[in-house]
Amino acid sequence: MSDHKQHHILSTRLALTIGAVLLSLTGFTVYIAHFDFGRWNLIVALLVAVTKAMLVCLFFMNLLYDKKENSLIFATSFFFLAIFFTLLATDVFFRGPVKLAKGQALYLVATGAQAKPKFKRPWVATPELVARGKKVFTQNCASCHGDQGLGNGPASASINPKPRNFTQNDDWKKGRKVTDIFRTLTNGLNQMPSFASLSPEDKWAAAHYVQTFGAKAAEPAPADFALIKIDPNSEFGGAAATVKSIPIDVAIELVVRDAQRKN
Amino acid sequence: MSQTVVSTDPGVRHHAHHFDSAEHEFDSAKQGMWLFLVTEVLMIGAIFVAFMTFRGLYLEDFQAAHKLLSVPLGATNTVILITSSVTMVLGVTSAQRKQKGLTVLMLFLTFLLACGFLIVKYIEYTGKFHHGIMPAGLYTGVNEFAASSDAFKLFFSFYFVMTGIHAAHVVIGMGLILWIMRRAARGEFTGGYYTPVELVGFYWHFVDLVWIFLFPMLYLIG
Numbered sequence: 001m002s003d004h005k006q007h008h009i010l011s012t013r014l015a016l017t018i019g020a021v022l023l024s025l026t027g028f029t030v031y032i033a034h035f036d037f038g039r040w041n042l043i044v045a046l047l048v049a050v051t052k053a054m055l056v057c058l059f060f061m062n063l064l065y066d067k068k069e070n071s072l073i074f075a076t077s078f079f080f081l082a083i084f085f086t087l088l089a090t091d092v093f094f095r096g097p098v099k100l101a102k103g104q105a106l107y108l109v110a111t112g113a114q115a116k117p118k119f120k121r122p123w124v125a126t127p128e129l130v131a132r133g134k135k136v137f138t139q140n141c142a143s144c145h146g147d148q149g150l151g152n153g154p155a156s157a158s159i160n161p162k163p164r165n166f167t168q169n170d171d172w173k174k175g176r177k178v179t180d181i182f183r184t185l186t187n188g189l190n191q192m193p194s195f196a197s198l199s200p201e202d203k204w205a206a207a208h209y210v211q212t213f214g215a216k217a218a219e220p221a222p223a224d225f226a227l228i229k230i231d232p233n234s235e236f237g238g239a240a241a242t243v244k245s246i247p248i249d250v251a252i253e254l255v256v257r258d259a260q261r262k263n
Numbered sequence: 001m002s003q004t005v006v007s008t009d010p011g012v013r014h015h016a017h018h019f020d021s022a023e024h025e026f027d028s029a030k031q032g033m034w035l036f037l038v039t040e041v042l043m044i045g046a047i048f049v050a051f052m053t054f055r056g057l058y059l060e061d062f063q064a065a066h067k068l069l070s071v072p073l074g075a076t077n078t079v080i081l082i083t084s085s086v087t088m089v090l091g092v093t094s095a096q097r098k099q100k101g102l103t104v105l106m107l108f109l110t111f112l113l114a115c116g117f118l119i120v121k122y123i124e125y126t127g128k129f130h131h132g133i134m135p136a137g138l139y140t141g142v143n144e145f146a147a148s149s150d151a152f153k154l155f156f157s158f159y160f161v162m163t164g165i166h167a168a169h170v171v172i173g174m175g176l177i178l179w180i181m182r183r184a185a186r187g188e189f190t191g192g193y194y195t196p197v198e199l200v201g202f203y204w205h206f207v208d209l210v211w212i213f214l215f216p217m218l219y220l221i222g
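Chains as they are written, first to last, in this note's numbering: chain A, 1 to 263; chain B, 1 to 222.
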């Protein structure tokens, strides 16, 4: 190793240029935040941030002109972060529901862990149900079916067959009556998992909201209700309308409450 | 792009005996700094991962909560930090060119900008405290936010922990800048030896890097 090795010096002009680019990118990311791209907001913001970070690392921190081993060392930390996040996400974001034993559903309602059903005859669409359905849809369905129900959500890229486009009124495999959508939510279809852990009310609400993307659908017949074991003469749909499983975070919450009670 | 180079002159400062040469010493010090920055990435990165996880689980609450943060103040601080990164890099290059006066001036400007950052942060924090917006356990919300959900408050736990750790880094960075500014003023970096300036520069750019991610995550998208 020579004592006379030349060190790279960033020119003042380039330093100022990079600074100006960083400031412009800041302006850009603030401006673009005024538009709602739904789930793409995060991706867009992260892309801009990563670009800015790369400029700082490559030019201000000299990695572009430095020994490659320093870049490698720094990159390693992000590699391990990626492993950390990926493994965690495969758990947290893909937890299945917890099945309930007989009687536990009533216990959940009694202890307030599960909300009492609010809507009577929820298979009949009301503006309140549709509004609730929009929330359920955004949280559970939009990542694949898209915010506008076009079947083009961010996660749809890796799915085959493609998620249903709700604005097309024909060729729905299981039909598009509100009871049909309720059944598909309960059972799942192709790549779509079962959403049996949603409360029946949330499933009805989501079904009504899904219908708003397309034309008015046919009214369900008694036979359609029989398929999903719902009794349309009972206010809340009868015995089959009780919850059979709950999301795992509700279950965790219950375990915590139980532990607190025992202490 | 025009690039200037300068040769390191080991004449002024003798390298420690366990290094082959001044160059060897410089490279090792720099590599040590990168290794330190790796531990910093892993520390802050773990909090980012936690933030992303809870954001995914409680998207609605986090998005509602982030609207309480002031984008103009956050953006002002972004501009301040990026500008300070530019003055810092100019401080390093003037040390490389053995321009003592310019090095001290640039480091001083960086220090002033860091003060500006903390002043804006102070305005933000006191504004939040005034409304009872605190980390989850201390949250008292004296207004319409009083009935907020736990996840809504959790967002502010992340906000205060993340920006708090970052602000601590800013304060430490300011101390380091003062230290090398004093050494620069004494003419310690005019003989081709400028390792401390370069490494403090890395630290300061890292502070900027963290904020480059904090700003969009907390203020813009929530």
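These are calculated hints, taken from the structure and not from any lab test. Just to be clear, a hint being listed does not mean it is correct.
[To be verified] Some, not all, of what chain A presents toward chain B, calculated at C-beta under 7 Å:
#: 1; residue: ALA45
#: 2; residue: LYS52
#: 3; residue: ASN70
#: 4; residue: PHE84
Predicted model only: the values in this text are computed from it and were never measured. All residues carry an ideal CB built from backbone N, CA and C; glycine is no exception.
(request) Run the structure past the numbered hints and jot down the numbers of the failing ones, going up. (result) Checked against the structure, no hint fails, so every one of them is satisfied.
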